[in-house]
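Trainee: What follows is each chain in one-letter form.
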Amino acid sequence: MDRIIKVIFSTGILTLFYFIWTGTTDLYNILIIAFIALVISIIYNRSLFKPMLSPKKWIYSIWYVIFLFIEIIKANFDVARRVVSPKIPINPGIVTVKTKLKSAMGRMILANSITLTPGTLTVDIDEDILYIHWIDVTNIDEKTATEKIVANFEKYLEVIFG
Amino acid sequence: MIKRLIPLLLVISLFFILLKVATNVAPNYDLTGVAKTYAEQGASDLGAMNLVTAIVVTYRGLDTLGEVTVLFMAGTGIALLLRRKKKKNDSGIKNRAASEILKTGSKLLVPIITMFGAYIFINGHLSPGGGFQGGAAIASAVMLMFLADSSFKINHKVFVLIESFSGIFYVLIGVLGLVILGADNFLDNRILPLGTFGTILSAGTIPLIYTLVGLKVGTELASILDNMKGELE
Amino acid sequence: MANLPEILLQISTYFVSAGIILATLRLIIGPSMADRVVALDTFTVISISLITLIACMSERVIFLDVGMVYAILSFIGVVAVARYLEGGL
Amino acid sequence: MEWYRILGSIITLIGSIFLFLGALGVFRMPDLYNRMQAGTKATTLGTILTLLGIGICHYEWIGQILVIIMFIALTNPISSHALARAAHFKGIPLTKGSVADKLKEKESTEVEVD
Numbered sequence: 001m002d003r004i005i006k007v008i009f010s011t012g013i014l015t016l017f018y019f020i021w022t023g024t025t026d027l028y029n030i031l032i033i034a035f036i037a038l039v040i041s042i043i044y045n046r047s048l049f050k051p052m053l054s055p056k057k058w059i060y061s062i063w064y065v066i067f068l069f070i071e072i073i074k075a076n077f078d079v080a081r082r083v084v085s086p087k088i089p090i091n092p093g094i095v096t097v098k099t100k101l102k103s104a105m106g107r108m109i110l111a112n113s114i115t116l117t118p119g120t121l122t123v124d125i126d127e128d129i130l131y132i133h134w135i136d137v138t139n140i141d142e143k144t145a146t147e148k149i150v151a152n153f154e155k156y157l158e159v160i161f162g
Numbered sequence: 001m002i003k004r005l006i007p008l009l010l011v012i013s014l015f016f017i018l019l020k021v022a023t024n025v026a027p028n029y030d031l032t033g034v035a036k037t038y039a040e041q042g043a044s045d046l047g048a049m050n051l052v053t054a055i056v057v058t059y060r061g062l063d064t065l066g067e068v069t070v071l072f073m074a075g076t077g078i079a080l081l082l083r084r085k086k087k088k089n090d091s092g093i094k095n096r097a098a099s100e101i102l103k104t105g106s107k108l109l110v111p112i113i114t115m116f117g118a119y120i121f122i123n124g125h126l127s128p129g130g131g132f133q134g135g136a137a138i139a140s141a142v143m144l145m146f147l148a149d150s151s152f153k154i155n156h157k158v159f160v161l162i163e164s165f166s167g168i169f170y171v172l173i174g175v176l177g178l179v180i181l182g183a184d185n186f187l188d189n190r191i192l193p194l195g196t197f198g199t200i201l202s203a204g205t206i207p208l209i210y211t212l213v214g215l216k217v218g219t220e221l222a223s224i225l226d227n228m229k230g231e232l233e
Numbered sequence: 001m002a003n004l005p006e007i008l009l010q011i012s013t014y015f016v017s018a019g020i021i022l023a024t025l026r027l028i029i030g031p032s033m034a035d036r037v038v039a040l041d042t043f044t045v046i047s048i049s050l051i052t053l054i055a056c057m058s059e060r061v062i063f064l065d066v067g068m069v070y071a072i073l074s075f076i077g078v079v080a081v082a083r084y085l086e087g088g089l
Numbered sequence: 001m002e003w004y005r006i007l008g009s010i011i012t013l014i015g016s017i018f019l020f021l022g023a024l025g026v027f028r029m030p031d032l033y034n035r036m037q038a039g040t041k042a043t044t045l046g047t048i049l050t051l052l053g054i055g056i057c058h059y060e061w062i063g064q065i066l067v068i069i070m071f072i073a074l075t076n077p078i079s080s081h082a083l084a085r086a087a088h089f090k091g092i093p094l095t096k097g098s099v100a101d102k103l104k105e106k107e108s109t110e111v112e113v114d
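Residue numbers (our numbering), protein chains in the order written: chain U, 1 to 162; chain A, 1 to 233; chain V, 1 to 89; chain C, 1 to 114.
Isolated chain U, as found in the complex (with noise of 0.2 Å):
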């Protein structure tokens, strides 16, 4: 049962997807498409769709965008600032922090948000713990660098991915 869920549901996304993409509004393109879209998510059985139903994901959804957005455009002055000026001014190193998020896709999207945000980029991870490269480190230690990189995202994953 929670397959065939999850088969209807990977179904879905990837004719959203389709429809996005080409905004047709033609019934037999979208009916072939969604034939076809069932048959690859009943073949590829490790999708990782899976749906989302309570209102509160999606709305904390929407505002995680809007804040990485924001970090995201942070970052960029920051980089910006270290690429013109003409002694580039780093310290670089490579940290640890802990995360409390346990499923896979959250800990991906959180990796990707330290990667796209200011001076931090994750260069491994291993079970709970993320080894990030910090192009200016003020304090090695775990709990601090913990509370400076990930405490901002987990606040928004913990309850979209819990």
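Think of the hints as simulated: they come from the structure by calculation, not from any bench. There may be inaccurate statements among the hints.
List of simulated lysine-lysine pairs, DSSO-like, C-alpha gap at most 30 Å [claimed, not checked]:
(1) Lys20(A) <-> Lys155(U)
(2) Lys148(U) <-> Lys103(A)
(3) Lys87(U) <-> Lys148(U)
(4) Lys87(U) <-> Lys6(U)
(5) Lys57(U) <-> Lys90(C)
(6) Lys100(U) <-> Lys148(U)
(7) Lys157(A) <-> Lys143(U)
(8) Lys143(U) <-> Lys155(U)
(9) Lys102(U) <-> Lys103(A)
(10) Lys155(U) <-> Lys90(C)
Listing some non-contacts, in silico: residues in chain C with all C-beta distances to chain A over 12 Å [as the list claims (entries may be wrong)]:
(11) Tyr4
(12) Leu52
(13) Ile56
(14) Glu60
(15) Phe71
(16) Leu74
Each pair of labels, with its calculated beta carbon distance range [said to hold, decoys possible]:
(17) Val61(V) <-> Ile129(U): 41 to 49 Å
(18) Phe16(A) <-> Lys148(U): 44 to 52 Å
(19) Leu19(A) <-> Ile5(U): 37 to 45 Å
Idealized CB from N, CA, C, for every residue including glycine.
Let chain U serve as the given structure and place chains A, V and C on it in line with the hints.
Mentor: This is chains A, V and C only, laid out in the frame that chain U set:
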């Protein structure tokens, strides 16, 4: 010195190419000879919005069949050359597992890339692309699975089945043209109604043929990848 | 003033082209293999923007399909090189 | 006056400047990881803004543009993560003056699995 000079020349020439691209982007409108005939009559004759597809599948359909066969031969040849006895892995080098992020990401991306491959060959008669390109996109999805999971194996029986059946159906559609429309109509796309110009169910058999070609090319390229990976291990 | 958008897009094309040239320089001088791959990654991502700009300037939507395929191939290419470098293939 | 075209082309211009800065970062930064930082962040935002601007100019293309943006925003960090991981495993050093490298301890004890 010369070693440094050649890349420098390359960069300079790249600069000029980019400059040309950046300064004048204008489509070429003049056509001559056989291209003119195809361009003028193709759309009304065959009902395909993408003229290249119409030429590849109908006017030059036999060539496409040949190309698919060549790809099949190449795949078979690679399998023949690379399928040696599996060497014992005694060098002490083991595969490093992919990171968790890449695994999760590939699980998310593989269906989307496969879907995009399907889009390419389903819409072969409306937009750029077609069977070969769609097949390549599907094979790249399979490659992503290989990259994310070093112990991933493809199911050979299913792949061979899909490949053979799509080939057989392709030839059957061609022969149907001979039977229904008479001689010298091999691979004619008009055995099905042409439909409304510009919709997905148009251009006769072109979408059908491209689906078959896409499946065939996709499975063939995936098998080639599998053989090469077997050699690396 | 009427063709201000065209002029702005033209200037963007120059910036993007300059970016591609810088990435190519790093591709040539990069001391290690991984440096070259980083440069190549940057190069391809910037090229996607160039393809889209060309699509906009020549008013042809089909280049967007090309851009998407290029995005897929560049991603898989970089991941393949990375997995090869760490001996994971 | 087609105001949306002007808005779109200004956004595109900003995006292309970020792309240029990203490439400049890749060119100027001292070691691989710092280059990757500049490369990934700046090219991701640059591509997003460039494509978004063109999507505003040609609003009938917005669907396709959005799909490409989603794909880039998802794949770009993943590919640079994979590359950074491989490079560190391969032993490419951090630049002089780096503060800490906690990953080294983990990799030396890493049990290689098939």
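Trainee: Each hint needs a verdict: does it hold in this structure or not?
Mentor: Results for each hint:
{"no.": "1", "hint": "Lys20(A) <-> Lys155(U)", "result": "50 Å, violated"}
{"no.": "2", "hint": "Lys148(U) <-> Lys103(A)", "result": "27 Å, holds"}
{"no.": "3", "hint": "Lys87(U) <-> Lys148(U)", "result": "26 Å, holds"}
{"no.": "4", "hint": "Lys87(U) <-> Lys6(U)", "result": "53 Å, violated"}
{"no.": "5", "hint": "Lys57(U) <-> Lys90(C)", "result": "40 Å, violated"}
{"no.": "6", "hint": "Lys100(U) <-> Lys148(U)", "result": "15 Å, holds"}
{"no.": "7", "hint": "Lys157(A) <-> Lys143(U)", "result": "52 Å, violated"}
{"no.": "8", "hint": "Lys143(U) <-> Lys155(U)", "result": "16 Å, holds"}
{"no.": "9", "hint": "Lys102(U) <-> Lys103(A)", "result": "15 Å, holds"}
{"no.": "10", "hint": "Lys155(U) <-> Lys90(C)", "result": "35 Å, violated"}
{"no.": "11", "hint": "Tyr4", "result": "22 Å, holds"}
{"no.": "12", "hint": "Leu52", "result": "20 Å, holds"}
{"no.": "13", "hint": "Ile56", "result": "20 Å, holds"}
{"no.": "14", "hint": "Glu60", "result": "15 Å, holds"}
{"no.": "15", "hint": "Phe71", "result": "8 Å, violated"}
{"no.": "16", "hint": "Leu74", "result": "7 Å, violated"}
{"no.": "17", "hint": "Val61(V) <-> Ile129(U): 41 to 49 Å", "result": "46 Å, holds"}
{"no.": "18", "hint": "Phe16(A) <-> Lys148(U): 44 to 52 Å", "result": "47 Å, holds"}
{"no.": "19", "hint": "Leu19(A) <-> Ile5(U): 37 to 45 Å", "result": "55 Å, violated"}
Consistency with the previously given hints fails for numbers 1, 4, 5, 7, 10, 15, 16, 19, ordered from lowest to highest.
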